[in-house]
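Chemist: As a plain string of letters, each chain reads:
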Amino acid sequence: SQTIHQWPATLVQPVGSPLSLECTVEGTSNPNLYWYRQAAGRGLQLLFYSVGIGQISSEVPQNLSASRPQDRQFILSSKKLLLSDSGFYLCAWSVPDRQNEKLFFGSGTQLSVL
Amino acid sequence: QKEVEQDPGPLSVPEGAIVSLNCTYSNSAFQYFMWYRQYSRKGPELLMYTYSSGNKEDGRFTAQVDKSSKYISLFIRDSQPSDSATYLCAMSLFYTGANSKLTFGKGITLSVRP
Chain A
-1 SQTIHQWPAT LVQPVGSPLS LECTVEGTSN PNLYWYRQAA GRGLQLLFYS VGIGQISSEV
59 PQNLSASRPQ DRQFILSSKK LLLSDSGFYL CAWSVPDRQN EKLFFGSGTQ LSVL
Chain B
7 QKEVEQDPGP LSVPEGAIVS LNCTYSNSAF QYFMWYRQYS RKGPELLMYT YSSGNKEDGR
67 FTAQVDKSSK YISLFIRDSQ PSDSATYLCA MSLFYTGANS KLTFGKGITL SVRP
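These protein sequence lines map, in sequence, to chains A and B. The first sequence stops at residue 112 when you use the numbering used here, and every number in between is there. The second sequence stops at residue 120 when you use the numbering used here, and every number in between is there.
Only chain B is shown next, with the shape it has when bound in the complex (with noise of 0.2 Å):
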């Protein structure tokens, strides 16, 4: 079993729709939860980043983490054509130190259809 699990997508949905990405993980260790956002043949950039259990919003994107369930996702509200991206799940055991490193998921696709 992989360590992260999202799904390959890809997601298509029309403007306006709720959009839910997943990830599921592994190891009940890890404790802090990121989402990126790429758009195409762009780095990465950090959307969202939460600690243990919970909900975090900010604008019209929501992160929830189910540390029990050992499931995070990312609700996109309104969704809007520049919402279009590639978003990568992340995840790490510890904040800092030598065996601090974030295990990413494989990212998933999103196309949204004017």
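Chain A on its own, in the form it takes in the complex (with noise of 0.2 Å):
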């Protein structure tokens, strides 16, 4: 069976801190990989997606960057934390070629910037 690993569950950071999220996929090849954001009373936010290495499509201009060095491995990272880079972090995979069909989410990053 698949299952999906996000670490920290819980970050506290000072503005201008570098950041280092990590996820991994177990059980499947070549997922579509995906970064979202939940903040508070704003619904999940799409940051970053990914279909393959190396290959990384982002949504919204901001101060995060994603890497995917290898197949069931994404990475979220920043240079300097924003205030505003506050939230709820959640990873997710999907089947290959079904973007859409499932999405199978971790159990997410809580983000505190300071």
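Calculated from the structure, these hints are not laboratory results. Note that the coordinates shown come from a computational prediction; the quantities given were computed from them, not determined experimentally. Careful, some of the hints might be misleading.
A few chain B positions that, by computed beta-carbon distances, are all more than 10 Å from chain A [stated by the list, open to error]: (1) P20; (2) E21; (3) S32; (4) S34; (5) Y42; (6) G60; (7) N61; (8) S74; (9) K76; (10) R83; (11) V118.
In silico DSSO-like cross-links for lysine-lysine, where the CA-CA straight-line distance does not exceed 30 Å [what the hints assert, rightly or not]: (12) B/K73 - B/K62; (13) A/K100 - B/K73; (14) B/K107 - A/K77; (15) A/K100 - B/K8; (16) A/K77 - B/K76; (17) B/K48 - A/K77; (18) B/K62 - B/K48.
Beta carbons: idealized from backbone N, C-alpha and C, even for Gly.
If you follow the hints, you should be able to join the two separate chains into one complex; please do so.
Modeler: So this is what it looks like as structure tokens:
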């Protein structure tokens, strides 16, 4: 069976510090991978998605970047965090070539930038 | 007008009640409709998935799509305290391809009182 791991669960970072959130998927090959941010009262916002190694599509211009160094690894990064980067970050995957059939989400990272 | 509108809630009902959760949308081209359930501080999990208009039943849950009115609903029968969660509707234009992306509602928080 497929599983998705996302860590850390909680993170408190000062403004201006770097960020690295990691997500890995097990039990499937060449998944589509996604990073979402969920802010209170604002719903789920798609940040990045990837259909393959090194292929990253950005949905929203921002202070963040994503990378996919391996088939089942997706990393969300920032060089300098802003207060507005606070939120609940979710990694998700879907079956190849079926982006919108089912999204499977990780357990999320609550990021607080102070 | 936002693409997807969902009643903001929160919603509180007694155990055993029938719950109706609703979303309206503006883009008549949406074809795939989903409901996700999200427990506190967890990632969303897919609850129901439907294509085009009609009803789909799964145990105590029924998803209804009315494309003519651009309206989708999730009904929960015999609600249980374990149903207490945030429910998000989601929809997409295409099943697959570069332009296929999920559009989420903001979610409604349901509390079922014992």
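Chemist: Are there hints from earlier that the structure breaks, and if so, what are their numbers?
Modeler: Of the numbered hints given earlier, those the structure breaks are 5 and 16, listed in rising order.
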